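**Student:** Sequence:
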Amino acid sequence: MNNKHLQLHAQSINHPETFWAQAADAIDWYSTWDSILDDRQAPFYHWFAGGKLNTCYNAVDRHVAAGRGEQVALQYVSPVTDCEYGITYRELLAQVSRLAGYMDSIGVKKGDRVVIYMPMVPETAFAMLACARIGAIHSVVFGGFAANELATRIDDAKPKLVLSASCGIEPSGVVPYKPLLDAALLQANHKVEHCIILNRSQCEATLQANRDIDWQTAVATAPDIDCVAVESTDPLYILYTSGTTGQPKGVVRDNGGHAVALAWSMKHIYDISAGDSFWAASDVGWVVGHSYIVYGPLLVGATSVLYEGKPVGTPDPGAFWRTIAKYKVKSFFTAPTAIRAIKRDDPDGLFLQGVDLTCLENLFLAGERCDPDTLHWAEQQLQKRVIDHWWQTETGWPVAANLMGYAPVAVKPGSPALAVPGYQIDIVDVMGEKVAVNETGNVVIKLPLPPGTLTTLWQNEQRYQDSYLSMYPGYYLTGDAGYKDEQGYLYIMSRIDDIINVAGHRLSTGRFEEVLCQHDAVAEAAVIGVKDNLKGQVPLGLVVLKKGINLSDDELNQQLMTLVRREIGPVASFRLVSAVQKLPKTRSGKILRGTMRNIADNQDYNVPATIEDPATLDIVRNTLTRMGYADAHV
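Every letter in the sequence shown is one number past the one before it in the UniProt record's numbering, and letter 465, counting from 1, is 465.
Simulated from the structure, these hints should not be mistaken for lab results. Some hints could be false.
Unchecked claim - Result set (DMTMM-like, lysine to aspartate or glutamate): computed pairs, CA atoms no more than 20 Å apart in a straight line:
no.	residue 1	residue 2
1	K582	E170
2	K267	D28
3	K160	D104
From a predicted model like this one, the values you see are computed outputs, not experimental measurements.
Using the sequences and the hints, build the whole thing.
**Tutor:** This is the structure we're talking about:
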């Protein structure tokens, strides 16, 4: 055990104000704060209250002023359009200040909201930074979201401006955005005054008179504008949590705490400093894209890779490795589901042959639970350190991680390691009592949460308290179940809703999936609890096989049942398993276990707006029907 990690963590918990004051030195402030931690309105805590800064200045202007204007800030890589180019910090400053100048000229001011409905192109980052520059609050909505989902977010945020593009590019083809945007604007009760549209050559959009303006026309003659000083506690952005239906849940992030936490995390967790190359293979529509494509890398003066493509199919499972080698990526961050997709299509790592990955030091995985088999496969193929870490949209940056830039500890497969400084993690039972070591319970974080985490939900403080704070007073409820071992390593096993109660035994779906993925034929697995008249619930497994597997269904099922019985025991009652071509997931890679459970139990369900491929639900429904679940007519 590395005592440096534990000592640093103890400092952050015992002397939080001193700890975060030192961390705040990495950020440029217009004026310092009145208090590091303002707890007068607990449980609504405020970090660096009274301080003034500008996030865009810290991410862009100060690096140009420091003489690094010619360094690449954003490296755009788009295999779906066969386009690659770098944008220096000086070029980034010019683009952002002009876009911000145009936004200001049409009346967008500090505190106004701006919805960004964009694909993975550099202009999306320009839009976010331009909002930050003038103190407007941005809300990025994943490009291609259905019109009704976009409309609900427009009604919730009430933006003065929408920035969008004519289309996005998916492996399946061009996805026109403008018809979706127009339909959303018609459905929404809130009326948007202005739209700026980036026309892409793959599908040009028709602009509506008196509302829409072409992006290039807007910035061509717009004046540059300086950064506006904002309060540390002023909102930087609203981000709606993935999979929401009905009234959306908008996580609010502030300016000061966010900048301090992300800058601290880039160095201490990801081992990234000015001039290094960092790549988070995510989308700006998700929290990873906000924190570690745009803000985190730029706050520390790194080069951030912005990738418009997929881990496989654009064009092959070697695309990630070639990009890392070409742009000398030091730390790479992706989701376990991306690694599993690569493993499925290239189980022997043939696409790694001849690729020089000398530059790569760390592969970071997050976004869902990383099973040990996936971690081991990546370690063996890459011969690099593979680091699991855990966090949420709400936290904005890692909660449990290995501090690779400060005090690395031993990797334990299946664990995201230790609590990150600033977070005090406890495991409690339903009554709020701490459970024993190695006993599964609800994962909670003691208040106050550190800087950079959500401050509230947009215009709904009561829902914030009801959703996260009311179940265990004094704690934030993560919604995840897990345990800690004797050394304090955290193990996240499943969402609380994914604990299966088999004849009184509480079993984690994550543990089942971990075991199934040990089988040489299995690329990935999902386990859900389905109703059983005798036992209450029993586990049902769906597995995706690696390419080239020649096992009969009976052979595979018998081997998997034997494996689970050996690893978990007869108490698991694991007799239901089948192979499927593909699992239903959100675009961020999370498997839709809850939706599958509802299908199996013939419960009502909504198709999540964030689903990547709706056809996968039909595949699952047909499979479940053959297994004796999910009535075919539902």
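**Student:** Taking the hints in turn, state whether each one holds.
**Tutor:** Against the structure, the hints:
Simply put, K582 and E170 have alpha-carbon atoms about 18 Å apart, close enough for the 20 Å limit, and the pair holds. Taken as a hint, the K267 and D28 pair is honoured in the structure, with Cα atoms around 17 Å apart against an allowance of 20 Å. Under the criterion of a C-alpha separation no larger than 20 Å, the hint pairing K160 with D104 is consistent with the structure, at around 11 Å.
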